[in-house]
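Participant: Following the hints, complete the assembly by docking chain X onto the known chain W.
Protein chains in written order, with this note's numbering: chain W, 5 to 409; chain X, 5 to 409.
Because the hints were derived from the structure by calculation, they are not lab data.
Remember, predicted model here, so these are calculated numbers, not experimental data.
C-beta: ideal position from N, C-alpha, C; glycine also.
Keep in mind that the hints are not guaranteed to be accurate.
Quick look at which bits of chain W chain X covers, simulated, 3 or more residues with Cβ under 8 Å [unchecked claim]: (1) 308 to 322; (2) 326 to 332; (3) 346 to 359; (4) 386 to 398.
As a plain string of letters, each chain reads:
Number of protein chains: 2
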Amino acid sequence: MVISLNPPERLSPVKGIRLATAAAGLRYRDRDDLVLVEICEQAQTAALFTANRFCAAPVVIARRHLAAAQPRYLLINAGNANAGLGEPGLDDAQVTCAALANAGGCRETEVLPFSTGVIGERLAVEKITSHCSSLVGKLQEDAWLPAAQAIMTTDTVCKGQSRQLQLDGKAVTITGIAKGAGMIRPDMATMLAFVATDLEVGPEQAVRLVREATQQSFHCITVDGDTSTNDACVLMATARSGARFSELSTPAMQEFTRALNSLFLSLAQAIVRDGEGVTKYICIRIEQAHSEKTARDIAFTIAHSPLVKTSAFASDPNWGRIVAAAGRAPGAALDMDRLSLYINGLAVIENGQPAPGYTEAAGSQAMQGEELELRLALGSGKATAQIWTTDLSHDYVRINAEYRT
Amino acid sequence: MVISLNPPERLSPVKGIRLATAAAGLRYRDRDDLVLVEICEQAQTAALFTANRFCAAPVVIARRHLAAAQPRYLLINAGNANAGLGEPGLDDAQVTCAALANAGGCRETEVLPFSTGVIGERLAVEKITSHCSSLVGKLQEDAWLPAAQAIMTTDTVCKGQSRQLQLDGKAVTITGIAKGAGMIRPDMATMLAFVATDLEVGPEQAVRLVREATQQSFHCITVDGDTSTNDACVLMATARSGARFSELSTPAMQEFTRALNSLFLSLAQAIVRDGEGVTKYICIRIEQAHSEKTARDIAFTIAHSPLVKTSAFASDPNWGRIVAAAGRAPGAALDMDRLSLYINGLAVIENGQPAPGYTEAAGSQAMQGEELELRLALGSGKATAQIWTTDLSHDYVRINAEYRT
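For reference, chain W alone in the conformation it holds in the complex (with noise of 0.2 Å):
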C-alpha cells in the first residue's frame, strides 16, 4: 500500500548533469539497475552518508574519493550492498570505479559508487563493468525519470521531484531522485538520494545547503529505526544556469533555500509514503518543548515505539501509549501536569489529562483517515520539531518475515 503517492510524470533536466541506465541483471530481471550520472567540470558536489559503522564498501570508497577530488561521476547500481564483506567488498567497489574511470576517461577518485540492495553477498563486478562502456556511450540530460526508476529495489513507486524558480530574472531548475522503502528494507539497504541545480554553489555553501536540507527532511523520517550501512544523500551544483548562489539578492536566496529544502522534503515524504507495510502516514509534531533536541527525542521516540504504530495500525486513539512513549524519551524533562495532545485536530488531552467533552468516539473518528497528525504540546517551551513515520502493520511484519524465507 502507498499513502497518496505517484510517481512523476517527468523530472527537468539540469544543465550540466547526463545520465545513462542499464539492466545489468545484478538481481532483477527485465528492468534496468545500473545509473551513470555525469557531473560537468566546474560543478561541485557534497554528499552526507551514513551514520551507521557498520557502513558498505561503497561508502567508505565514496567518502575517500570525495575527499580527493571533486566527482565526475557517480555509478549507483540496485540489487547488492555490497556490505558486510570486508577488504573483498572495497575491492569490488574500486574495481567498478576503475572501469568507469576508463571508459569516462578520468581519475578513478572522481567516480563514487553507490550500492544498495542485499547485505553480504559479493558484488558481481563484471556485470557492471562490462557495461561502463556502453552507459558512458548513453548519456543524455532527459534521463532523470529511468534513473529514478533503475535504483528502486522494493519501493513501490519512483520518486522523483523537480522545481524551476526563476532567481534574479534566472531561469534555476532543481531535480531531485531518491529510492528508499524502509530505513533498511529486509536485506535491502538503504535510502539514496541524488539532488542537482544547475544553481553556481561554492564549496562550503554546498555543504552547508546539503546538511540543511537534509536536516529537515530525510533526518526527520523513520519507517523502523534501522538506520542503514548504505544511506547516502548527494547535491550537484552544477554552475550552468548562469545563476550564482553567493550573489543572489536575498529573497532570491531564501526562494532558493526554501525550494531545495521542500524538495528534499518531498523526497523523505514520498519514502515514508511507500514505506514497509504502510496504511497510515504519520505526523509527529512536538511544540513548547524548551529545546529542538527534546522535541526531536520525544517525537522519534514516539515514532518508534511499536505500541503507538499498533494502535495507528488499528486508528485506535490510544493515547496512553502516546504520552507514555514522550514520558520515558532520552533526557526529557516533562511536567505532565502541562501536556496536551491533539489527533488531526481534536483535543485528547489537555495539562496532563482527558480533555473536556473528548470521547473515545470522536478520537476513533479522528483517527480514521490515511494520514494522521499526533501534536503535542509539552507547555515548557517554545521548539518545535516535526518528523514522519508509518504505522505498524500486518504487512510490515510479513514483508520483513517471509523476505528470504
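Facilitator: Structure of chain X alone, referenced to chain W:
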C-alpha cells in the same frame, strides 16, 4: 504462545508476610484482581519504580509514602492502572490507602498502592475500599500463589519463584511474584514484582540488594522497549528467620545474593517467555566490549530492531540486520573488522566477514529452535552484557492492534 514457562506449583510462605486476595470486579469477571500484602513490624522494605516521567498515580503515592514510613501493607489491583488522570487519580489512590489504613489499624503512609491495567480510566474506588476489611480478615502466610494469579492482566501464565537456603545453619526463604507480558501491554500497563525474604536486612542493604538484583534482571529484559507508567519492584525483608544479612559469613552472604539475583532473573525471564506474541525467546550476549554501557546499548539496539525481531520470527539468519543494528547503537566505538557473530553457537561472522564455511542452510538450522542466543564479540575490550527479548510476530501486531477495537 509461551516459551517453556509453567506456572509455579507452589510458592513457599515467608515468615512475617501474609497475603489475601479478592474479586473486586475492576475489569475481570470470575477471578480475583485485588491483593493485600501485610508486612510485619521491624521489616525492611525497599522499592524501585518506573523511570517513566509519565508515572501513574499509585507510583507517585507509593514513592511518597515509602519516603515517610516503612510500609505495613501493599494494596495491589489489576485491571486499572490509575494513570493519566492528574489530580483526581492521586486522590483516588489516596482514598484506597486511607480505607486500608483504617481497616488495618495503621497510618495512611504505611500503605503503598500499586495498580496495573488500563490507562486513562478513573479507578472504581469503592470497589476497592469495600473489600479492605474483609481482606485484612483473610490474611494468611500461604497465599502467594493466589496473589500471583490475582495480579495478572494479559499474562497467560502466572509467575512466581521460591528459594530455600541454609545460611550458616539457619533456614532462609525467598519468594517472589511478578506480572508483565510486555513492558506495556496494550493499555494494560506494567511490570510489577514483589519479593520477600525472612532474612534480616538493613535499610541501606535492602536498597542495594534490590538495585543490584533489578539491574541484572528486570533491567535486562525488553519486549517492545516501552517502559510502562506503573513499573514497580519491591523487596521486603522481614527479619523473622533469625539470620541477619550483615552477620552472615562471606560464603553465606554470597549464597543469599546469588539466590536473590537468580530469583529476580527467573521472574524477569518469565515475563519475556510470556511476552506478547512471542515465538522466540532470545538471549542477546555482547562480549569484548570496551564498557558495560556500550555492551548494553548495543544489546538493546539489537533487541529493539524491528528488522532483527521479524527475521527471528521467520527463523531467518539475517545477520546483516543484526550487525547493522549494532553499527547504529549509540556511542558504540565499533571496529567492524574485529566483530564476530554467533547464532546458537554457530560462527556466522568472524572478524567482520562471513565465517569460513558458513552457509545459509547452517544458519537457518541454527535459527529453528524456540530459544536463540545471539552472541556478538566486539574484539575491543573485556566488558559483557546479556539481555533477553522476544521476536516480533503477527500475533504481536494482532494483540496490540486489536486490543481495544
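Participant: Against which earlier hints does the structure fall short, listed by number upward?
Facilitator: none
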